[in-house]
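Note that the protein sequences, when read in sequence, are chains V and G.
Using this note's numbering, the first residue of the first sequence is number 1, and each one after it goes up by one.
Using this note's numbering, the first residue of the second sequence is number 82, and each one after it goes up by one.
Take these hints with a grain of salt, some might be off.
[To be verified] With a straight-line cut-off of 25 Å between C-alpha atoms, the simulated DSS-like cross-links for lysine-lysine are:
hint, chain 1, residue 1, chain 2, residue 2
1, V, 37, V, 7
2, V, 7, G, 241
3, G, 96, G, 170
4, G, 170, G, 97
5, V, 37, G, 87
6, V, 44, G, 87
7, G, 203, G, 219
8, G, 87, V, 7
9, G, 136, V, 30
10, V, 59, G, 87
11, G, 101, G, 219
12, G, 101, G, 203
13, V, 7, V, 44
14, V, 7, G, 96
15, V, 7, V, 59
16, G, 170, G, 203
17, G, 203, G, 94
18, V, 7, G, 94
19, V, 66, G, 87
20, G, 241, G, 96
[Claimed, not checked] Here are the computed distance ranges between Cβ atoms for each label pair:
hint, chain 1, residue 1, chain 2, residue 2, range
21, V, 7, G, 144, 29 to 35 Å
22, G, 207, V, 71, 21 to 27 Å
23, V, 37, G, 101, 18 to 24 Å
24, V, 30, G, 131, 24 to 30 Å
25, G, 170, V, 65, 46 to 52 Å
26, V, 63, G, 191, 22 to 28 Å
27, G, 266, V, 2, 47 to 53 Å
28, V, 33, G, 225, 32 to 38 Å
29, G, 225, V, 7, 27 to 33 Å
30, G, 167, V, 37, 52 to 58 Å
31, G, 96, V, 36, 35 to 41 Å
32, V, 2, G, 203, 53 to 59 Å
33, G, 201, V, 79, 36 to 42 Å
34, G, 222, V, 44, 38 to 44 Å
Keep in mind that the hints were calculated from the coordinates and are not lab data.
Beta carbons: idealized from backbone N, C-alpha and C, even for Gly.
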Amino acid sequence: MNNTLYKLTQLDFYAVDLQLYLDTHPNDAKAIAEYNKTINDAQKLRSDYEQTNGPLTSKYLSPAEKFDWIDEPWTWEEQYN
Amino acid sequence: MWIYDKKLEFPVKIKKRNPKLAKLIITQYGGPDGELGASLRYLSQRFATVTPQAKAALTDIGTEELAHLEMIGAIVQQLTANLSIEEIKASGFEPFYVEHGLGVFPSSAAGDPFTAAAFQSKGDPVTDLYEDMAAEQKARSTYEYLLDMIDDPDVAAPIKFLREREIVHFQRFGESLEYVRSYLSANHYF
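If we strip away everything but chain G, and leave its shape as in the complex, we get:
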């Protein structure tokens, strides 16, 4: 069960439209290392994990990723709000426009639609947490590559926030892995 909170986790207020940048940032909405995949990965894996710490971490981080998905959607929406046909043509936004208009669609920067094939739910708590730690690092790298492309401080601020969250999540998954390891290596008598 989830409850919607009518605010963003970190404010997104972009004054200058930039469809070219929107086409790149959309990858964190629906690309291979994006927030949607992250959320589904953790929220799916939690059903097979062990220890209260790992169950809580997967639930809470999976939930926070949905808040990040919303922030990325807001960034893309604000970067493309009310574009004219001339602006669309001048910025190379035509391929996205003919498929989705000015809607937000989960796809990668290269235009590939969202796919669950980019993540696993392996049913092995250790395997899954290793994947999660790698996933957080891949998302951090993506945010750093995006920051190389961003000049507008209004866009950079939420992207920097999201990058920092990847580091915190990596840390929490590492701690969860320790709990899972010690649980699995202990003798259990029933």
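With the rest of the complex left out, here is chain V:
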């Protein structure tokens, strides 16, 4: 698996888990700080990854010459992971 994608997967998962925690602990300042740091780090990694490997989400795309959203492999394929 692409190393940047692997790290992004880890950070995005951490953000998902923190988000669920915050759903039921919305005033936990420490968790909010951790969440903000995590999504900030993840956003940077995501931009790095997308610049060389194409888009991860189809929203807010601004394709130049080719609509590379369709590029293989797709997520369920062994080569992707």
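Take the given structure of chain V and dock chain G to it, following the hints.
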């Protein structure tokens, strides 16, 4: 509204095909305690719940279950990719094959197609959250029974991840239930 993220929540990279195992793991795709039922249960129940915490938890956990559905689909796809007819015959995969080829279809390990009859949306926030906590425990048990059947560490890793998520979701639903209870037992003046 949802946005697709072109990656899995946890990577699935299986080197060795195993159709026999795919036939068991498919139950978490479309079986009674599977991820599809979990997602539909929570995303349907949220319309009738109270408190911002419970609304958020049902929305976010219902969404995460779709990511789990995708992981299970990826596991089944990779366990059955490019099987030969000989491999299908040798592994007991024929019944699934004659119905679905090498496609992924939501069914239980016993072959029953997905049904919404395995869950409820009762319109009572307390009743629904109790069901959700039980549902997370049932899914955890299923993942543990599956792990009894799995020798391949490539398959065990994502299944263990999914098992752990059931425990976290159970916890979050328990906390949501506390908010709902205290909201419903307080006096409301309008």
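Now the hints, each set against the structure:
no. : hint                      : result
1   : V:37 to V:7               : 15 Å, holds
2   : V:7 to G:241              : 19 Å, holds
3   : G:96 to G:170             : 21 Å, holds
4   : G:170 to G:97             : 17 Å, holds
5   : V:37 to G:87              : 22 Å, holds
6   : V:44 to G:87              : 17 Å, holds
7   : G:203 to G:219            : 19 Å, holds
8   : G:87 to V:7               : 15 Å, holds
9   : G:136 to V:30             : 23 Å, holds
10  : V:59 to G:87              : 11 Å, holds
11  : G:101 to G:219            : 22 Å, holds
12  : G:101 to G:203            : 37 Å, violated
13  : V:7 to V:44               : 11 Å, holds
14  : V:7 to G:96               : 22 Å, holds
15  : V:7 to V:59               : 22 Å, holds
16  : G:170 to G:203            : 44 Å, violated
17  : G:203 to G:94             : 39 Å, violated
18  : V:7 to G:94               : 16 Å, holds
19  : V:66 to G:87              : 17 Å, holds
20  : G:241 to G:96             : 18 Å, holds
21  : V:7 to G:144: 29 to 35 Å  : 22 Å, violated
22  : G:207 to V:71: 21 to 27 Å : 47 Å, violated
23  : V:37 to G:101: 18 to 24 Å : 44 Å, violated
24  : V:30 to G:131: 24 to 30 Å : 28 Å, holds
25  : G:170 to V:65: 46 to 52 Å : 48 Å, holds
26  : V:63 to G:191: 22 to 28 Å : 46 Å, violated
27  : G:266 to V:2: 47 to 53 Å  : 51 Å, holds
28  : V:33 to G:225: 32 to 38 Å : 35 Å, holds
29  : G:225 to V:7: 27 to 33 Å  : 30 Å, holds
30  : G:167 to V:37: 52 to 58 Å : 53 Å, holds
31  : G:96 to V:36: 35 to 41 Å  : 38 Å, holds
32  : V:2 to G:203: 53 to 59 Å  : 45 Å, violated
33  : G:201 to V:79: 36 to 42 Å : 40 Å, holds
34  : G:222 to V:44: 38 to 44 Å : 40 Å, holds
Violated hints, in rising order: 12, 16, 17, 21, 22, 23, 26 and 32; the structure is consistent with all others.
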